[in-house]
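By the count of the numbering used here, the sequence shown reaches residue 156 at its end, each step adding exactly one.
Think of the hints as simulated: they come from the structure by calculation, not from any bench.
The structure displayed is predicted, hence computed values, not measured ones.
Honestly, I wouldn't trust all of these hints.
[As the list claims (entries may be wrong)] With a straight-line Cα cutoff of 27 Å, these simulated DSS-like cross-link-like pairs (lysine-lysine) come out:
#, residue 1, residue 2
1, K51, K26
2, K148, K26
3, K106, K51
4, K114, K26
[To be verified] Simulated DEER-style distance windows between Cβ atoms:
#, residue 1, residue 2, range
5, S117, N149, 15 to 23 Å
6, K102, E152, 37 to 45 Å
7, E133, G70, 17 to 25 Å
8, K147, R27, 34 to 42 Å
9, V101, E55, 19 to 27 Å
10, V92, R27, 37 to 45 Å
Note that the Cβ used here is the ideal one computed from N, Cα and C, for glycine as well.
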Amino acid sequence: METQENMDDIKRYFSQECFASNSGMNLTFISKGYAKAEMEIEKRHLNILGTVHGGAIFTLADMVFAAASNSHGNVAVAINVDIAYVKAAIKGTLYAEAKETSINPKISTYVVHVTDDEGDIVAIFNGMAYRKKNKLEIPEK
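Turn these sequences into a full structure, and let the hints guide you.
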């Protein structure tokens with residue numbers, strides 16, 4: 016059964032994640048099989064063309080994929096992902112929303128939409144996770 020306390024534990028678990036948080040990304044919501052995050056676009060996110068670097072968009076999508084796939088309390092690791100970049104982003108905030116599309120004891124799949132301030136899709140990310148038997152090691156409060 017999902018409780019707010021369970022989801023707070025999962026969010027606290029992901030607060031330990033350094034790469035995305037050091038890149039200015041923030042996990043804003045999590046529930047079973049679902050997660051949302053955002054990234055305010057800064058100069059550090061831009062490529063040589065002045066648009067958001069594909070790696071920054073990928074990291075944002077991967078962060079919510081990881082949160083959604085681990086939201087059941089067991090360790091889940093990516094075994095296959097792909098991303099399609101469909102619109103350039105230059106300024107504002109990017110939002111990523113991961114939704115679980117299938118789950119079984121060993122494999123789960125997710126689709127992530129990355130959108131801009133206008134709600135336009137910037138990228139579509141698909142992820143498949145292997146679900147291990149190990150429980151997440153939640154840090155103390």
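Against the structure, the hints come out as follows:
With a C-alpha separation of about 11 Å, the suggested pair K51 and K26 falls inside the 27 Å cut-off, and the hint holds. With a C-alpha separation of about 20 Å, the suggested pair K148 and K26 falls inside the 27 Å cut-off, and the hint holds. Under the criterion of a C-alpha separation no larger than 27 Å, the hint pairing K106 with K51 is consistent with the structure, at around 19 Å. The hinted pair formed by K114 and K26 meets the criterion: a straight-line CA distance of about 16 Å does not exceed 27 Å.
At roughly 21 Å, the beta-carbon separation of S117 and N149 lies within the given 15 to 23 Å, and the hint holds. Separation of K102 from E152 is about 38 Å and conforms to the stated range, judged on CB atoms against 37 to 45 Å. Taken as a hint, the range 17 to 25 Å holds for the pair E133 and G70, whose Cβ atoms sit roughly 23 Å apart. A beta carbon spacing of about 20 Å between K147 and R27 contradicts the range 34 to 42 Å that was offered as a hint.
Judged by the Cβ atoms, the range 19 to 27 Å given for V101 and E55 holds: they are separated by roughly 21 Å. For the hinted restraint 37 to 45 Å between V92 and R27, the CB-CB distance of approximately 20 Å leaves it violated.
Of the numbered hints stated above, those contradicted by the structure are hints 8, 10, listed in ascending order.
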